[in-house]
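K.L.:
Top to bottom, those sequences are chains A and B. Residue 199 in the working numbering sits at position 199 of the first sequence, with consecutive numbering throughout. If you want the working numbering, it's the 1-based position in the second sequence plus 383.
Don't read these hints as lab results, they were simulated from the structure. There's no promise every hint is true.
Taking CB as the label site, the calculated pair distances span [said to hold, decoys possible]: (1) A:Glu179 / B:Gln511: 41 to 51 Å; (2) B:Thr505 / A:Glu183: 34 to 44 Å; (3) A:Trp121 / B:Gln511: 40 to 50 Å; (4) A:Glu183 / B:Asp492: 17 to 27 Å; (5) A:Pro272 / B:Gly481: 29 to 39 Å; (6) A:His300 / B:Thr406: 31 to 41 Å; (7) A:Glu266 / B:Gly481: 25 to 35 Å; (8) B:Thr406 / A:Pro254: 27 to 37 Å; (9) A:Glu183 / B:Arg413: 53 to 63 Å; (10) B:Val512 / A:Asp54: 26 to 36 Å; (11) A:His300 / B:Gly481: 37 to 47 Å; (12) A:Gln252 / B:Val512: 35 to 45 Å; (13) A:Arg166 / B:Arg413: 54 to 64 Å; (14) B:Gly481 / A:Trp121: 54 to 64 Å.
Glycine included, each C-beta is placed from N, C-alpha and C at the ideal position.
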Amino acid sequence: MDNEVAIIGVGLHPFGRTDGLSGQQQGAYALREALKDAGVEWKQVGVAYGGSQDGGNADALSNHLGLTGIPFVNVANGCATGGSALASVIAAIQSGMAEIGVAVGFDKHPRGAFNPRPKDWGLEDWYGETGLMLTTQFFALKTQRYMFEHGITDDALVRIAQRAFRNGALTPHAWRRRELSYEEIAESMPVNLPLRKYMFCNPAEGGAALVLCSAKHARKFTANPVIVKAAVMRTRHHGSFEVFNPGLAAQQSPAPTVMASRAAFELAGVGPGDIDVIQLQDTDSGSELIHIAENGFCEHGEQEHLLRSGATDINGRLPINTDGGCLANGEPVGASGLRQVIEICTQLRGQAGQRQVANTPRLGYTHVYGAPGVSAVTILQAG
Amino acid sequence: MTLDTPPKLACPDQLELSGGHPTLMGSRCRNCGEVYFPASQGCTRCCAVDMEAFNLGSEGLLWSWTIQGFQPKTPYNGGESEADFKPYGVGYVEMPSGVKVESRLTVADPAALRIGMPMVLTLEAYRQVPGEAPVFTYAFAPAA
Numbered sequence: 001m002d003n004e005v006a007i008i009g010v011g012l013h014p015f016g017r018t019d020g021l022s023g024q025q026q027g028a029y030a031l032r033e034a035l036k037d038a039g040v041e042w043k044q045v046g047v048a049y050g051g052s053q054d055g056g057n058a059d060a061l062s063n064h065l066g067l068t069g070i071p072f073v074n075v076a077n078g079c080a081t082g083g084s085a086l087a088s089v090i091a092a093i094q095s096g097m098a099e100i101g102v103a104v105g106f107d108k109h110p111r112g113a114f115n116p117r118p119k120d121w122g123l124e125d126w127y128g129e130t131g132l133m134l135t136t137q138f139f140a141l142k143t144q145r146y147m148f149e150h151g152i153t154d155d156a157l158v159r160i161a162q163r164a165f166r167n168g169a170l171t172p173h174a175w176r177r178r179e180l181s182y183e184e185i186a187e188s189m190p191v192n193l194p195l196r197k198y199m200f201c202n203p204a205e206g207g208a209a210l211v212l213c214s215a216k217h218a219r220k221f222t223a224n225p226v227i228v229k230a231a232v233m234r235t236r237h238h239g240s241f242e243v244f245n246p247g248l249a250a251q252q253s254p255a256p257t258v259m260a261s262r263a264a265f266e267l268a269g270v271g272p273g274d275i276d277v278i279q280l281q282d283t284d285s286g287s288e289l290i291h292i293a294e295n296g297f298c299e300h301g302e303q304e305h306l307l308r309s310g311a312t313d314i315n316g317r318l319p320i321n322t323d324g325g326c327l328a329n330g331e332p333v334g335a336s337g338l339r340q341v342i343e344i345c346t347q348l349r350g351q352a353g354q355r356q357v358a359n360t361p362r363l364g365y366t367h368v369y370g371a372p373g374v375s376a377v378t379i380l381q382a383g
Numbered sequence: 384m385t386l387d388t389p390p391k392l393a394c395p396d397q398l399e400l401s402g403g404h405p406t407l408m409g410s411r412c413r414n415c416g417e418v419y420f421p422a423s424q425g426c427t428r429c430c431a432v433d434m435e436a437f438n439l440g441s442e443g444l445l446w447s448w449t450i451q452g453f454q455p456k457t458p459y460n461g462g463e464s465e466a467d468f469k470p471y472g473v474g475y476v477e478m479p480s481g482v483k484v485e486s487r488l489t490v491a492d493p494a495a496l497r498i499g500m501p502m503v504l505t506l507e508a509y510r511q512v513p514g515e516a517p518v519f520t521y522a523f524a525p526a527a
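Start from the sequences and build out the full structure, keeping to the hints where you can.
P.N.:
Right, dumping it as structure tokens:
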């Protein structure tokens, strides 16, 4: 395809807690790092898409970087904000709107679980007041049902968290860098059973940015561009089991992840078996468990065996969340989806150090999922 | 349960109390028959906007469950102190129409909950603050 877009620069402000730096400052830091990585000046950037949930407007980053007059669009798609921003920049470059574009995300969340306002989601106050409107509760209810339907035990949930923290320990910029034992995870405080403390990621802080241009010009900027083979975003259909739903339809339908994943594989002309390194949304162990199958990397119910066999480890057949994912990095909502893309770029460039997947991975995959039923998938290829 | 005086309800529009036993109110699409809880203004299945009130009944089967292990932040208004907070059960209950209703459960013991078990609707005083009338919401209890 001659209309392909490439990632030519990546930048990250480490996730976690950074007292003294606002979310926007962390976003500006990440964006400067990405520009430096690409060898591009802010003045050369023709379009920007960015998002943050609690850190203020993304377009305010122009006040840090420079007021160059470009279209800078604020994106707000919950956990899928980064993926949505990226898909939008790609479409803008493909349309000829700009030669060089950036996608940026950042956040700075208060400690503890999110506390959304019912009205923002089209719901009545009683839903929040009576204690039903919690993301952790939703993940638990969905995981519990999924495990029942597919005969999966708590062992799978523990192993997912254990691998995340093991990989996090190998990742210099990760937030949680201590390996946890099986028992520490399995016996940690019940938060929303079947999910326990160490099976949930925490809202956090951080920034992430990408610089992109048309693939045919990419080598002018970098020796190791990453080609975006697909970047697809989808929203829910009637009947999918989504967060913040006081009632679920009689007939269930496939999740937005399934639709986004299928469309991305079709667009890229590859299948799940071709992918060398994978990032899946793991706000909690249960979500990753479900997403392994929803993205086509195994059949529903096969996950437990896959996890026990080590197939999803860095040296396995399907390396998942090699940087520790959301579990080890925390989730600054605006930045999280772009962190995944950066990790895949780092792997495809062979720059992942101790956590590098062997045999020069060529194809990578990222997946985000967010409220109220949004998913974005990318398929990336070493250029 | 029988009610001597009208209780203060968090969600009066979702409940029908006139029959002596509470039932849940939702809506049904006149075009395609899809049932909703809570009542919906339009049908997200067929995109029609011709809805009628629909009584979902009071009995169903537990479809999924969890235990809320920590005290939610606002807008939760249970009113207890953090020290007094007690974990509560939450589940989806599949009603005869097939719709699954998210609900508090009257039990919070994992050993007492099993997917597929029969459940019955009741009212629960989820907010009990001294000097105020208790506020009730709907909840499901294991059927006797």
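K.L.:
Which of the listed hints are not met by the structure?
P.N.:
3, 11, 14
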